[in-house]
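**Student:** Each chain, letter by letter, is given below.
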Amino acid sequence: MEFGSVLNALILGLSIASIWLIAALGLTIIYGAAGVINMAHGALIMLGAYSAYMLQHYVGVPYLLCIPASFVIVAVVGLILERGLIQYLYNRPLDTLLATYGVALVLVQGVRLIFGSDPKYLAVPEIFSSSFMIGSVSISTFRVIVLAVTALLVFGIWVLFYKTRFGVQVRAVMQNKEMAASFGINASRVYMLTFALGAGLAGVAGSLFGVLNIVLPTMGDSYVVQAFLMVVVGGGSLAGTIIASFASGELQSMFAFFTNDTFARFLIFVLIVVFLRFKPQGLFAKAGVRR
Amino acid sequence: MTTLLSFDNVSSYYGATQILRDFSFDLEKGQCVCVLGRNGVGKTTLMRTIMGLTDRSTGAIRINGEAIENKPPYQRAGYGIGYVPQGRGILSDFTVRENILLGTFARKDNAPDIPEICLRIFPYLRENLERRAGLLSGGQKQQLAIARALAVGPQVLLLDEPTEGIQPNIVHEIGEILRMLNKELGISLILTEQHIKVARKLGDVFMMVDNGRVVARGPISEMTDELVERHMTI
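Each protein sequence line maps, in turn, to chains A and B. Remember, the working numbering sits 611 above the position in the first sequence when you count from 1. Remember, the working numbering sits 2 above the position in the second sequence when you count from 1.
Incorrect hints may appear among the rest.
[As the list claims (entries may be wrong)] Lysine to aspartate or glutamate pairs mimicking EDC-like chemistry, simulated, CA-CA at most 16 Å apart: (1) B:K185 <-> B:D227; (2) A:K774 <-> B:E132; (3) B:K199 <-> B:E166; (4) A:K788 <-> B:D57; (5) B:K185 <-> B:E228; (6) B:K199 <-> B:E178; (7) B:K31 <-> B:D57; (8) B:K203 <-> B:D227; (9) B:K185 <-> B:E30; (10) B:K185 <-> B:E166; (11) B:K73 <-> A:E789; (12) B:K31 <-> B:E71; (13) B:K31 <-> B:E186; (14) B:K203 <-> B:E224; (15) A:K788 <-> B:D95; (16) B:K110 <-> B:E132; (17) A:K774 <-> B:E68; (18) A:K774 <-> B:D115.
[Stated by the list, open to error] Residues of chain A placed beyond 12 Å of chain B at every Cβ, according to the derived structure: (19) L618; (20) I745; (21) Y773; (22) A798.
Simulated from the structure, these hints should not be mistaken for lab results. For every residue, glycine included, the Cβ atom is placed at its ideal position computed from N, Cα and C.
All chains should be modelled from the sequences, with the hints used to inform the complete structure.
**Tutor:** If you want it as structure tokens, here you go:
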């Protein structure tokens with residue numbers, strides 16, 4: 612076995628990991644902070660891709676600006692969704708699950724009505740569609756962009772949650788809603804903003820996935836399963852999701868190196884099931900009391 | 003004397019179960035009222051009703067003459083109420099610093115820093131600001147809970163069993179601190195207490211509660227052994 616190709620597989624694994632992770636970030640935050648299992652996450656990813664497509668196709672916004680713009684647009688959608696529906700369903704996990712699933716169906720059908728079922732494409736600057744070499748390893752430039760955006764988002768989330776007053780508020784509500792309220796924290800506002808943030812992150816993921824794949828109304832479906840697995844394996848915490856994504860990406864890449872891509876994914880899913888059989892609470896189970 | 007906090011015929015419920023029944027009292031500025039009674043008579047519910055944490059309440063609750071009974075819990079601390087709940091309610095994943103900072107969120111002046119007094123009276127906390135609060139001992143957690151409530155900049159502290167489960171020498175220390183807060187800083191106290199000695203030392207007035215009602219009240223000097231015997235022994 613050649614050292615260079617193993618290194619290549621490891622680097623490719625890092626790239627796969629960043630895709631697993633960016634798909635799961637928004638879901639993790641919403642689940643971790645508000646305890647909502649957001650089945651509309653995949654549809655929000657899809658909306659992010661269509662937002663980028665619309666801005667690029669009709670307004671002519673440069674692709675790199677479409678990424679933050681998708682964040683804003685989908686965050687606003689998330690805000691409306693939370694104020695209009697989710698806020699009435701906290702503490703009722705089964706109901707939120709069904710309601711968000713319904714929302715996903717509406718969003719997917721709505722987009723299909725407006726844009727049709729034929730695939731759309733996001734154009735990226737010439738330089739992104741190239742690839743470059745590090746030693747004997749060939750890397751697609753766009754995958755490096757995905758990795759960079761993911762790293763930036765993780766850092767941003769960390770700063771927000773651990774270095775700001777808002778972060779203290781979110782973590783206080785996560786641990787003990789009553790005590791947080793007793794000291795002046797409006798949990799409803801915290802939930803609203805975290806939901807918008809999580810939706811916005813799905814939007815960013817969508818604007819990137821729209822380049823990696825074609826843009827379709829159903830494009831979120833495959834990502835949402837993947838994202839859920841990362842959240843469950845990680846135990847619902849940000850650190851857990853990061854580690855789960857990293858491990859899954861690298862393992863998938865290594866398995867693919869020895870077998871093929873389809874079999875690698877199959878193996879990953881089997882491993883996850885086995886892992887959850889022995890550690891159903893995930894990597895880092897939360898100790899705090901939620902509400 | 004002016005009235006700081008008052009209850010006027012307040013009833014309070016968990017679901018359909020009524021816990022407080024037509025509860026009325028006035029707390030004067032700078033006063034310490036001791037709420038006494040057996041377990042389960044509604045002492046904690048009284049505290050939670052002030053904070054708005056029960057399912058439902060009726061009647062009027064006023065602070066400085068302003069009605070707060072319809073305010074959501076998160077707005078109530080802003081009226082200058084510092085809550086030290088039973089079991090202390092420390093957020094164990096937070097550091098000592100973050101727990102105290104939690105108290106500052108209710109402040110009207112939006113001061114982001116830990117008020118100096120919190121650390122002055124609890125030197126242990128000053129030296130362990132970055133320690134995870136879950137690792138503290140019971141007495142240290144109680145100090146932290148009081149420091150956090152002080153960070154609100156309170157006019158009144160609600161102290162629910164502050165000496166429960168704390169070793170005797172610390173009980174005395176906490177009693178001294180509460181006395182200082184009350185007598186020197188003029189912070190009013192509502193105190194539920196099982197230690198009759200602590201109650202007698204701190205209290206100006208007492209309320210004996212049974213079955214969600216006030217069954218006896220008056221200056222602390224009128225809290226006779228006979229009264230304690232009748233309402234607090236099982």
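**Student:** Taking the hints in turn, state whether each one holds.
**Tutor:** Do the hints match the structure? See the list:
1. B:K185 <-> B:D227: Status violated; Cα separation ~25 Å.
2. A:K774 <-> B:E132: 14 Å, holds
3. B:K199 <-> B:E166: The given pair, whose Cα atoms are some 13 Å apart, holds under the 16 Å limit.
4. A:K788 <-> B:D57: 15 Å, holds
5. B:K185 <-> B:E228: 28 Å, violated
6. B:K199 <-> B:E178: Holds, because 12 Å separates the two Cα atoms, which is no more than 16 Å.
7. B:K31 <-> B:D57: 28 Å, violated
8. B:K203 <-> B:D227: 15 Å, holds
9. B:K185 <-> B:E30: 13 Å, holds
10. B:K185 <-> B:E166: 22 Å, violated
11. B:K73 <-> A:E789: 15 Å, holds
12. B:K31 <-> B:E71: Judged against 16 Å, a Cα distance of about 20 Å means the pair is violated.
13. B:K31 <-> B:E186: 13 Å, holds
14. B:K203 <-> B:E224: 13 Å, holds
15. A:K788 <-> B:D95: Holds - the C-alpha atoms of D95 of chain B and K788 of chain A are around 14 Å apart, at most 16 Å.
16. B:K110 <-> B:E132: Distance ~26 Å between K110 of chain B and E132 of chain B Cα, so the pair is violated.
17. A:K774 <-> B:E68: Answer violated: K774 of chain A to E68 of chain B is near 36 Å, above 16 Å.
18. A:K774 <-> B:D115: 14 Å, holds
19. L618: Given that every Cβ of chain B is farther than 12 Å from that of L618 of chain A, nearest at about 39 Å, it holds.
20. I745: 40 Å, holds
21. Y773: 10 Å, violated
22. A798: The assertion about A798 of chain A is violated, with a minimum of 7 Å to chain B.
Comparing the model with each earlier hint shows violations of hints 1, 5, 7, 10, 12, 16, 17, 21, 22; every other hint is respected.
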